[in-house]
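With mature numbering (1 follows the signal peptide of the UniProt record, and there is no 0) as the guide, the letters of the sequence shown map in order to residues -26 to -1, 1 to 132.
Source of the hints: derived by calculation from the structure; they are not laboratory data. A couple of the hints might just be wrong.
What the hints assert, rightly or not - Calculated cross-link-like contacts (lysine-lysine; reagent style DSBU-like; alpha-carbon spacing at most 35 Å): (1) K11 to K113; (2) K113 to K38; (3) K26 to K130; (4) K98 to K84.
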Amino acid sequence: MNRNKIFTLIRIIIAAAFLYNCSATSTEQSNLEEARKAIEASNEVYFTSFAKGDSSIFIDRYAKDCCILAPNAPALCGESAPLHFFKIAHDEIGLRNGKFIITQIYGDSKEFVTEEGVWQSFDKNNVMFDQGKYLVLWKKTPEGWKMFRDSFSSDKAL
């Protein structure tokens, strides 16, 4: 093979690799946007469960193999974890409403994405009683994006 053919072949390979990489990046960005929309939709109804006192709405946000990593408490893991946490937050703490503010979503968007943000919690009189930051690892399941690991902490001093 002469030198011109070799250089031409190398240029074709580089161009093909570049085009493939651009296409993969575009697909990843599209998948990340799809995940973001699902997370935003889930977050919209999350606190509705507390206002209505309906644990089924809350439970549906989580994967069956989830862990809720609340501050100053042991991890709650497995299918019963969301119901257990809901009862504590609703019945003992008095959570009735709240707000999530997503600051960033990142990840491979194939199986997992991470949501980072801040939150606020409100009581039955719509008075904010706590606020903090959170990280949620979302898992893509046959039922859609579900919370797999939910970790949060208050900004209040102990």
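Hinted pair K11 and K113, Cα distance within 35 Å:
Satisfied, since the Cα-Cα distance of roughly 14 Å is no more than 35 Å.
Are K113 and K38 close enough, with their CA atoms no more than 35 Å apart?
10 Å, holds
Is the hinted pair K26 and K130 satisfied, with a Cα-Cα distance of at most 35 Å?
27 Å, holds
Pair hint outcome, K98 versus K84 [Cα-Cα no greater than 35 Å]:
At roughly 39 Å apart (the allowed maximum being 35 Å), K84 and K98 break the hint.
Violated hints amount to a single one, hint 4; each of the other numbered hints is respected by the structure.
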